[in-house]
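So the sequences go chain by chain: D and A.
Okay, so the first sequence: first residue is 2 according to my numbering, each after it adds one.
Okay, so the second sequence: first residue is 13 according to my numbering, each after it adds one.
Simulated from the structure, these hints should not be mistaken for lab results.
Among the hints, erroneous ones may be present.
One-sided excerpt, in silico: chain A residues whose CB lies under 8 Å from chain D [what the hints assert, rightly or not]: (1) 78; (2) 114; (3) 118; (4) 121.
Calculated pairs, DSS-like style, for lysine-lysine (alpha carbon to alpha carbon, straight line, at most 30 Å) [unchecked claim]: (5) 3(D) - 90(A); (6) 43(D) - 113(D); (7) 57(D) - 3(D); (8) 23(A) - 68(D); (9) 29(A) - 90(A); (10) 68(D) - 57(D); (11) 43(D) - 90(A); (12) 3(D) - 68(D); (13) 68(D) - 27(A); (14) 27(A) - 90(A); (15) 113(D) - 57(D); (16) 90(A) - 23(A); (17) 43(D) - 3(D); (18) 43(D) - 57(D); (19) 43(D) - 23(A).
Note that CB positions come from ideal geometry on N, CA and C, so glycine has one too.
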Amino acid sequence: QKEVEQNSGPLSVPEGAIASLNCTYSDRGSQSFFWYRQYSGKSPELIMSIYSNGDKEDGRFTAQLNKASQYVSLLIRDSQPSDSATYLCAVNNWGAAGNKLTFGGGTRVLVKP
Amino acid sequence: GAGVSQTPSNKVTEKGKYVELRCDPISGHTALYWYRQSLGQGPEFLIYFQGTGAADDSGLPNDRFFAVRPEGSVSTLKIQRTERGDSAMYLCASSSGTGVPDTQYFGPGTRLTVL
């Protein structure tokens, strides 16, 4: 079992619709959770961070965290073609692993006009 | 201010050669990280510096890989006797190094190709 799992996709979404991305993790002690967006050939760009159970909204993005279920998700509302990218989920357990991030394999999202 | 910078952006070398990859973190960031990303996969942790010292080098795959950060700012990742399997995107990130959690910001990466 991978430490951080994501569906590789591609997740195909019509323009204007909601894209829903999921991530599960195995380390129950994880405390910090991050979503990065990565365009093809480019480096990861931070979109959202979340540390407490519940929802966190930032513009068109909403991150949801459920530590009991070891599950974190990202919703992209009003999806635009420019949102087409790979979305990486990253997890940190400060107590066990210091500052290092453990990444999932990423979900490729394709927003169709 | 300026973000994390990495040089070169691309490096092509031959099997068995030595390469150095450079990372210049965000000004004032004391923590610096190296990750490696193979095609179609997420980044994998290599090493983490807090100041000048390597706080965690558990991700370095073998003793051909070494990294330094002598003055607590710029870091160099060094790879000896390169192998074709070393071909990947090498990513550097930095963070403030204060507090928990500590958000990491990535540089543009160095694409290494070993022929």
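Results for each hint:
no.	hint	result
1	78	violated (18 Å)
2	114	holds (6 Å)
3	118	holds (4 Å)
4	121	holds (5 Å)
5	3(D) - 90(A)	holds (28 Å)
6	43(D) - 113(D)	holds (21 Å)
7	57(D) - 3(D)	holds (26 Å)
8	23(A) - 68(D)	violated (41 Å)
9	29(A) - 90(A)	holds (11 Å)
10	68(D) - 57(D)	holds (14 Å)
11	43(D) - 90(A)	holds (22 Å)
12	3(D) - 68(D)	holds (17 Å)
13	68(D) - 27(A)	violated (45 Å)
14	27(A) - 90(A)	holds (14 Å)
15	113(D) - 57(D)	holds (26 Å)
16	90(A) - 23(A)	holds (13 Å)
17	43(D) - 3(D)	holds (24 Å)
18	43(D) - 57(D)	holds (26 Å)
19	43(D) - 23(A)	holds (15 Å)
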